[in-house]
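Take these sequences, add in the hints, and give me the full structure.
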Amino acid sequence: MIRVVLPAHLRSLAKLNGEVKLDVDGEVTQGAVLDALEAAYPMLRGTMRDQATKQRRPFVRFYACEEDLSHEPPDKLLPDAVAAGTEPYLVIGAMAGG
Amino acid sequence: MTGVRVLVGTRKGAFTLTSDGSRRDWEVSGPHFPGWEIYHVAGSPAEPDRLFASQSSGWFGQLIQRSDDGGQTWEPMGNEFAYDGVPGTHQWYDGTPHPWEFARVWHLEPSPTDPDTVYAGVEDAALFKSTDGGGSWAELSGLRKHGSGPSWQPGAGGMCLHTIVLDPTNPARMYAAISAAGVFRSDDSGTTWRPINRGLQSEGIPDPDAEVGHCVHRIAMHPSRPDVLFMQKHWDVMRSDDAGENWHEVSGNLPTDFGFPIAVHAHEPETIYVVPITSDSHHFVMEGKLRVYRSRTGGNEWEALTAGLPQQDCYVNVLRDAMAIDSLDSCGVYFGTSGGAVYASADAGDSWAPIVADLPAVLSVEVQTLP
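Sequence order for the protein chains is A and B. For the first sequence, position 82 (counting from the first letter as 1) is numbered 255 according to the working numbering, and the numbering increases by one without interruption. For the second sequence, position 316 (counting from the first letter as 1) is numbered 1501 according to the working numbering, and the numbering increases by one without interruption.
Keep in mind the hints are simulated off the structure, nothing from the lab. Some clues are possibly wrong.
To be verified - Okay, derived cross-link-like pairs now, DMTMM-like style, lysine to aspartate or glutamate, Cα gap no bigger than 20 Å in a straight line:
#  : chain 1 : residue 1 : chain 2 : residue 2
1  : A       : Lys227    : A       : Asp208
2  : B       : Lys1330   : B       : Asp1372
3  : A       : Lys188    : B       : Glu1260
4  : B       : Lys1314   : B       : Asp1269
5  : B       : Lys1314   : B       : Asp1372
6  : B       : Lys1314   : B       : Glu1232
7  : B       : Lys1330   : B       : Glu1396
8  : A       : Lys227    : B       : Glu1265
9  : B       : Lys1314   : B       : Glu1265
10 : B       : Lys1197   : B       : Asp1210
11 : A       : Lys194    : A       : Glu260
12 : A       : Lys249    : A       : Glu211
13 : B       : Lys1314   : B       : Asp1373
14 : A       : Lys188    : B       : Asp1254
15 : A       : Lys227    : B       : Glu1286
16 : A       : Lys227    : B       : Asp1269
17 : A       : Lys249    : A       : Glu239
18 : A       : Lys188    : B       : Asp1253
As the list claims (entries may be wrong) - Reference listing, derived: stretches of chain B covered by chain A, where coverage requires no fewer than 3 residues with Cβ under 8 Å from a Cβ of chain A:
#  : stretch
19 : 1240-1251
20 : 1257-1270
What the hints assert, rightly or not - Chain A is nowhere near these chain B residues, computed Cβ spacing over 12 Å in every case:
#  : residue
21 : Asp1373
22 : Thr1377
23 : Leu1439
Glycine included, every Cβ here is placed at the ideal spot set by N, Cα and C.
In structure tokens:
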């Protein structure tokens, strides 16, 4: 069971309270987690990554286990603690503004 | 009982304002989608409880929301706006080629007859159509692929397709306006397009009467006379009496002819409204006075409408999609400001009162006349 924490705007869009819990088949990579997330909540398609290219949107970041994984390739395995569900995978709306 | 529903898009959410036919007392609902930019909310004339909203943010991109109960509940719809084929380039601000990139939906135009058909005008300028109630979108690429496309250049607000006008008497005819390319017309339901900018003069471009390159801000039509079009250009208020083939200036005695919205009275096709703005470098009204100008002669002769509007220390703007007209017997006129007020007149502009005063900056105002 993978735990995903979404920013407030995406939680409200998906009508969610709290964390998302996902089953991911096969290897637990960033791409597989995001694929599973978008399959479970189709309204999130296009909000975190481009629908065609799958490129991360510029002001969205992906963190886990105190590491910034935003620039890691989509097929890279996530940390064991995320795969085991002891640590969440964090989708972050980057701080911006003033 | 007859009533109205005003649909307001703001920088930080959407609001619906409802009243009965008297338009004195208002119920305010919202914010819907709080924190998101709502460029436009539009209702289907064919099914008035069906509303479409363009919801976007710099973080999470574009969403389209639909309500089938007059705005009480909403569902996200399709949000993939993929350009047809290889998009190619247009001109960037510095004149260099720039790839066509989708940024957001500026304007939604539901079909007058089919609740499942809706058009979307987007930035970078292109026209999309959905025939499944917003579930999926396909580009009408004949517009973007018009031969002049690579020469189009963005205005200061981006290269946006912001106005879509459908001819109610001829389903094959439609108009689209783009900043800063100009007005285009299709006579075959959006398959092919041609520019219709003859008569426009724009001093800000190298060739002032070029075929394309004009910063058209808004066009409006009265449904009973679809060949008569009115335009608020960057500077100049213009009129065409031949479906856009030729335009002539009708700015007349306006104190400034810079502005964004233009609207036509519901029952008087020669009565039109604009909100003059000081200049393109001062995006606020003149002399601290918020004045709507009305012409009852189809242009040239204008009168200031001020009753109930702030006449001192007011420095707001009114954007191109932020004025609307209802079709009650005594025609209602509505507009929203960058200061977050929405004003209503139930007597065709003779007197005004704020419905709300402190919303986030208003991006768009539409009104539905309800049975």
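Against the structure, the hints:
1. A:Lys227 <-> A:Asp208: holds, 10 Å
2. B:Lys1330 <-> B:Asp1372: Holds: lysine 1330 of chain B and aspartate 1372 of chain B sit about 16 Å apart, inside 20 Å.
3. A:Lys188 <-> B:Glu1260: Given pair lysine 188 of chain A, glutamate 1260 of chain B holds - Cα atoms ~10 Å apart, limit 20 Å.
4. B:Lys1314 <-> B:Asp1269: holds, 12 Å
5. B:Lys1314 <-> B:Asp1372: This hinted pair holds, its Cα atoms lying about 16 Å apart.
6. B:Lys1314 <-> B:Glu1232: holds, 18 Å
7. B:Lys1330 <-> B:Glu1396: Within the cut-off at roughly 16 Å; holds.
8. A:Lys227 <-> B:Glu1265: holds, 13 Å
9. B:Lys1314 <-> B:Glu1265: Satisfied, since the Cα-Cα distance of roughly 12 Å is no more than 20 Å.
10. B:Lys1197 <-> B:Asp1210: Violated, because 24 Å separates the two Cα atoms, which is more than 20 Å.
11. A:Lys194 <-> A:Glu260: holds, 12 Å
12. A:Lys249 <-> A:Glu211: Within the cut-off at roughly 18 Å; holds.
13. B:Lys1314 <-> B:Asp1373: holds, 14 Å
14. A:Lys188 <-> B:Asp1254: Distance of about 18 Å is within 20 Å: holds.
15. A:Lys227 <-> B:Glu1286: Roughly 15 Å separates the two Cα atoms, so the pair holds.
16. A:Lys227 <-> B:Asp1269: Holds, at roughly 18 Å.
17. A:Lys249 <-> A:Glu239: holds, 17 Å
18. A:Lys188 <-> B:Asp1253: holds, 18 Å
19. 1240-1251: That given contact holds, which follows from 7 residues of the stretch 1240-1251 of chain B lying within Cβ reach (below 8 Å) of chain A.
20. 1257-1270: Satisfied; 4 residues make the cut.
21. Asp1373: holds, 29 Å
22. Thr1377: Check passes; 26 Å lies beyond 12 Å.
23. Leu1439: The claim holds: leucine 1439 of chain B sits with its nearest Cβ about 37 Å from chain A, beyond 12 Å.
Hint 10 alone, counting from the list given before, is not met by this structure.
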